[in-house]
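Quick mapping for you: the protein sequence lines, in order, are chains G, V, L and F.
Each residue of the first sequence is one higher than the last, beginning at 17 in our numbering.
Each residue of the second sequence is one higher than the last, beginning at 17 in our numbering.
Each residue of the third sequence is one higher than the last, beginning at 17 in our numbering.
Each residue of the fourth sequence is one higher than the last, beginning at 17 in our numbering.
It should be emphasised that the hints constitute simulated quantities derived from the structure, not laboratory data.
Hints are not guaranteed to be accurate.
Because identical chains cannot be distinguished in the list, a pair is counted as satisfied if it fits within a single copy or across any two copies.
Taking lysine to any residue and the SDA-like style, the derived pairs with C-alpha atoms no more than 25 Å apart in a straight line are [unchecked claim]: (1) LYS207 with GLY236; (2) LYS217 with LYS342; (3) LYS76 with GLU214; (4) LYS342 with HIS297; (5) LYS207 with GLY67; (6) LYS342 with THR231; (7) LYS217 with ALA235; (8) LYS76 with ILE192; (9) LYS217 with HIS297; (10) LYS76 with ASP188; (11) LYS342 with LEU273; (12) LYS342 with LEU281; (13) LYS342 with ASN89; (14) LYS342 with ILE203; (15) LYS217 with LEU273; (16) LYS217 with LEU281; (17) LYS217 with ASN177; (18) LYS76 with MET309; (19) LYS207 with ARG274; (20) LYS217 with ALA162; (21) LYS217 with ASP310.
4 protein chains.
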Amino acid sequence: MAGNSFGNLFRISTFGESHGVGIGVVIDGCPPNIVFDEVFLQHELSRRRPGQSNIVTQRKEADEVTVLSGVFNGHTTGTPIALLIYNQNQRSGDYDHNVQTYRPSHADFTYDQKYGIRDYRGGGRSSARETAARVAAGAVAKMLLAQHNISITAYVSQVGNLRLEQHYSQLDFANIEQNPVRCPDPIMAQKMEDLIREVRKQGDTIGGVVTAVITGVPAGLGEPVFDKLHAQLGKAMLSINAVKGFEYGSGFDGVHLRGSEHNDLFYFDEHLQRIATRTNHSGGIQGGISNGMDIYFKVAFKPVATIMQPQETVDSAGNAAIITGKGRHDPCVLPRAVPIVEAMAALVIADFWLMR
Amino acid sequence: MAGNSFGNLFRISTFGESHGVGIGVVIDGCPPNIVFDEVFLQHELSRRRPGQSNIVTQRKEADEVTVLSGVFNGHTTGTPIALLIYNQNQRSGDYDHNVQTYRPSHADFTYDQKYGIRDYRGGGRSSARETAARVAAGAVAKMLLAQHNISITAYVSQVGNLRLEQHYSQLDFANIEQNPVRCPDPIMAQKMEDLIREVRKQGDTIGGVVTAVITGVPAGLGEPVFDKLHAQLGKAMLSINAVKGFEYGSGFDGVHLRGSEHNDLFYFDEHLQRIATRTNHSGGIQGGISNGMDIYFKVAFKPVATIMQPQETVDSAGNAAIITGKGRHDPCVLPRAVPIVEAMAALVIADFWLMR
Amino acid sequence: MAGNSFGNLFRISTFGESHGVGIGVVIDGCPPNIVFDEVFLQHELSRRRPGQSNIVTQRKEADEVTVLSGVFNGHTTGTPIALLIYNQNQRSGDYDHNVQTYRPSHADFTYDQKYGIRDYRGGGRSSARETAARVAAGAVAKMLLAQHNISITAYVSQVGNLRLEQHYSQLDFANIEQNPVRCPDPIMAQKMEDLIREVRKQGDTIGGVVTAVITGVPAGLGEPVFDKLHAQLGKAMLSINAVKGFEYGSGFDGVHLRGSEHNDLFYFDEHLQRIATRTNHSGGIQGGISNGMDIYFKVAFKPVATIMQPQETVDSAGNAAIITGKGRHDPCVLPRAVPIVEAMAALVIADFWLMR
Amino acid sequence: MAGNSFGNLFRISTFGESHGVGIGVVIDGCPPNIVFDEVFLQHELSRRRPGQSNIVTQRKEADEVTVLSGVFNGHTTGTPIALLIYNQNQRSGDYDHNVQTYRPSHADFTYDQKYGIRDYRGGGRSSARETAARVAAGAVAKMLLAQHNISITAYVSQVGNLRLEQHYSQLDFANIEQNPVRCPDPIMAQKMEDLIREVRKQGDTIGGVVTAVITGVPAGLGEPVFDKLHAQLGKAMLSINAVKGFEYGSGFDGVHLRGSEHNDLFYFDEHLQRIATRTNHSGGIQGGISNGMDIYFKVAFKPVATIMQPQETVDSAGNAAIITGKGRHDPCVLPRAVPIVEAMAALVIADFWLMR
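Same shape as in the complex, but just chain G:
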């Protein structure tokens, strides 16, 4: 128990369930005197909220945030920042069919096994709604990092079999927010959008990959041997609903290279006036510590478990049952996962930043 906090020096504790009163977060350890940009905070939440385009879930949530504490005269004070987002849909009526029946590949069964009680209203705490609190906290972390010119950008690089093959440096990140998929390649974005529409028509869902790039991180962040920078990033990403895998730098593909190919040779960069590496298979991290190069990683998301097709399952007594999703059909979480990945990355970097 007590697994709802993340980070050490920049530490968040989240709370709230789908269909409860609201969700929120307490941020403890944010330094004082950071300009607190509520417009930016609200904007980040709008990137995650349902209903923002017609390829994501149409559930209505305005996700307006209230700042309860920690901000005074437009600046952080160094005391805990509490953020609250009221739920608009607090009715539990929609979910009566789930009271007894376990939805396949949801957390209904495991929560019931663990807690001996189950909040059947839209998944309760296990709902992806919980990630709104992460995005809110991540926005504050971004405010801190922006002061130090650290920037985090994520995008959808794969949906089903549609995979963007270009290296991130070949892409124009300005395109990311120009299409509902959040893929920086307009042509691929259109293909992905078409695929998602097709999947939606079938009442089915589809997964994919989010790629993220962090620039501006100085050398020296990360705490070996267990709290390595990429280990903490990996944990952060894997803690997001529906994530099945994480890799950084060369990742799983790196196993195809020999050491002589994979090693990143050092040189003195005259332009940067510092030591750099010619390649970056290391993904900006060596020995668990940032080396000043770009940090990049990929996160794999499985297809959403709620589908609009009938599925076999059991109820809590073990009796066979049939369940069909209704209401909120989210054919592909990938577009909305982009700000969540960014938020978790921002939280990790902010935490290590304060430890440096």
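Since the structure of chain G is provided, determine the placement of chains V, L and F on it from the hints.
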């Protein structure tokens, strides 16, 4: 700083450098009255130690462990268990060439940047020698888990392009320790061994993948929303030297499936007399909590950075230099990574076991 | 930074400032299926709130609590319980005189030094208003402990020089809530009340001692060698505003006894059918672990810093200034400190209970 | 479980039992490039070790420390510093009489209740021998603090009824190490020594008070609202064997003052060129944060439980028994407690120093 502890209730703190006096671990939170099997502990260490076969590094380390505390009359007492492994090779002479020069894709540069001081004796704390302490601690965790019939088995499933395609259930785990590669398929094991020998001849190195399976974990382990079982497993694996990626269950391949294919349908298993799932794309974990099915995951290792070929690099002043590995050539860490992966998995499961 | 959480398995994170939007707490790790008694929760808050009698501060705060999460169908769910108390007085006008001037023995100066920013509205985060969140969280801890017949009772045992000399076992705890001082001896309570009134007339303040007794704790709680039961209790008490000292069992008076007098002799109690001690100088804790006897301790509170008399001080530029308290005069915090002491004790015991 | 670590950023984990192989500590988070003074480290241990004078226990322990890791070329490296002290007396023969019988006011009974196993060799983990590891770690913390001109001095201010009435500023600290009691007043020291000798003759023991003063701490250390500087100091002191009480600044005596007397008035100190307070009832801490004035506190120690007189007790089956201490008679722990109090204070300050 202070990143050398792992776990919460079953908590380890490791110490020690390559070529220092020794390495070791303090285990805090191990329950009392566990039969303490020193023979098993030593055996686990022998699976990790250098020189155990002719395809791994030939550096000589006996890795004999001394139990300093926490064990009385052959049982754990509930007080901290301190384990110490003296280093046999404490000479730093072999490493003089590294004093000024950064080895490519090692942690020399980042440690220097972070700490402003560098232990140039074989990598110091960043050396993979540190993992011996993990294996020792993991052996104790295994003693605890064995009492509850929880079992962890890892094996090499890929070396370079040689990839074992069978599902783990189709393999005979009894074969794993029968060959120096630790691959359960004897034919593939031979191919992998041949490949590693070839790579070694070239003075080069090669990476691969370790697959692990955990059986016997009851439903209910894991602490959402941040300390999900797989998130903690992922962090544990990513904290191991040379690891570049982690995936569990369907992993990165899961993105190719639709929700209707990926969902694990529940049924009541008459034989087990409990609810189970027909498939296990979830990898035994749903919503971050174990569901009683097998837990399985994959870990990607990059090729070892130390190669016996000359490479371009710089010294700490930024001057161009050439460096060539000498001494301990470890063409492939995969065989020795197997017990390390098992150890870290055991630590994670033991920790969640105590939290249940 | 990040010092606003307390506990490990029963973990709270508090937030909020005096005169901000509100204050609150996130409780992470409360077990599921505890009957959640909102009436009791509100009652505990009413014991702490200002204005409850005419010997405490007359500031008006209703302290009505809103349950934001973690409770479903009248029971805890095992997920985070977030509680929010809106502030009624959010005006900062009353505090304009403090903007530049440091109130003696308040935290104005140290917050300014630490954070470089100061929330001058009634002390901001350093205000005793923060303790309302502790009482709310403690009420939930009490709900848990009540299920296991663990009971915590505190009372005022000293105000200024008026000191209750009886041992706690000679007192009738039913009297505690019968007088505004919360002293179980009616005659002494009247004397204390008179003294507080006199001090109030002088625009001055007075300190005292709260004694607490915990019954029903089984042997075995506490985690040596650092997280000893009394060490954690001590930290909990010392974290309360205005506390200057903590002692348990024989405390500071124990130094007057010889070992032969102080030692608590063991005997087998035929009535209880278990081993007990004839005396209890140990205060129910030996070696940092509860021994099954009553746990008791004392907490010293200094006089409140805000007085209605002019005092010399300086402003933030170091210029001499005169400051006189106005508005909320709280001549003695002791009566209101009673529920706070109980709450912090409940949080400590609940945490160790879950660790047992 | 897992209560053997202390601190967050300067974090120690201790291990070892009386009569086991040895005791030790892992220090994680010590900054790099601190000059590591082994002579000083050994000297600090010699102040704590048994047999240093004829008024403390005569048990023979050389307490020679081995540095296992974290130090290279005479400096800390930023990696974990492991320190090991072998026990000279590993025989358990002396303690056979304790196997079945619970020593009064020792931890025998509670350890047995908690762990279901008991290390009867001299108290095992509950032995005060454990504090040697604290002193070793504290010596390293002192090395760090010395670089920043922070100094910690403790002394014996009371033994039984003999109480030093002078304020610490009236004492000559140079006298502390000039007598076996560690009392800075030579006349009082002699009286205390005489009293301890008398108590020893009776086979009895006596308690007392250690006072400590920390100078040079800048304003701003401490992490409200729970990790207040004095709360963490209190926990640190209360975690030491035999401690029954802690107070800082005015402490329990502060309850006799009115607010108008207790408040520390601010003024601008022309000599120091900074804001200071005219009195220091606050003990250098306001709102849980250091204010730049001296920090001072008192720690109460009960008389040692082991006495050379027969005492009634029970065995583990509850049968009545008589026990008489033999071997190591330590009539008064106070002189040896002085370096332990200093060590724990150093650990607390070092931790907050790194957080600032």
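Hint by hint, here is what the structure shows:
{"no.": "1", "hint": "LYS207 with GLY236", "in the structure": "neither (40 Å within a copy, 40 Å between copies)"}
{"no.": "2", "hint": "LYS217 with LYS342", "in the structure": "within (14 Å within a copy, 61 Å between copies)"}
{"no.": "3", "hint": "LYS76 with GLU214", "in the structure": "within (22 Å within a copy, 60 Å between copies)"}
{"no.": "4", "hint": "LYS342 with HIS297", "in the structure": "between (44 Å within a copy, 23 Å between copies)"}
{"no.": "5", "hint": "LYS207 with GLY67", "in the structure": "within (21 Å within a copy, 53 Å between copies)"}
{"no.": "6", "hint": "LYS342 with THR231", "in the structure": "neither (41 Å within a copy, 35 Å between copies)"}
{"no.": "7", "hint": "LYS217 with ALA235", "in the structure": "neither (48 Å within a copy, 35 Å between copies)"}
{"no.": "8", "hint": "LYS76 with ILE192", "in the structure": "within (24 Å within a copy, 52 Å between copies)"}
{"no.": "9", "hint": "LYS217 with HIS297", "in the structure": "between (40 Å within a copy, 24 Å between copies)"}
{"no.": "10", "hint": "LYS76 with ASP188", "in the structure": "neither (31 Å within a copy, 52 Å between copies)"}
{"no.": "11", "hint": "LYS342 with LEU273", "in the structure": "between (47 Å within a copy, 21 Å between copies)"}
{"no.": "12", "hint": "LYS342 with LEU281", "in the structure": "between (54 Å within a copy, 18 Å between copies)"}
{"no.": "13", "hint": "LYS342 with ASN89", "in the structure": "between (45 Å within a copy, 24 Å between copies)"}
{"no.": "14", "hint": "LYS342 with ILE203", "in the structure": "neither (32 Å within a copy, 50 Å between copies)"}
{"no.": "15", "hint": "LYS217 with LEU273", "in the structure": "between (41 Å within a copy, 16 Å between copies)"}
{"no.": "16", "hint": "LYS217 with LEU281", "in the structure": "between (50 Å within a copy, 22 Å between copies)"}
{"no.": "17", "hint": "LYS217 with ASN177", "in the structure": "within (18 Å within a copy, 39 Å between copies)"}
{"no.": "18", "hint": "LYS76 with MET309", "in the structure": "neither (41 Å within a copy, 36 Å between copies)"}
{"no.": "19", "hint": "LYS207 with ARG274", "in the structure": "between (35 Å within a copy, 17 Å between copies)"}
{"no.": "20", "hint": "LYS217 with ALA162", "in the structure": "neither (41 Å within a copy, 49 Å between copies)"}
{"no.": "21", "hint": "LYS217 with ASP310", "in the structure": "neither (39 Å within a copy, 34 Å between copies)"}
Going through the hint list in order, the structure does not satisfy hints 1, 6, 7, 10, 14, 18, 20, 21.
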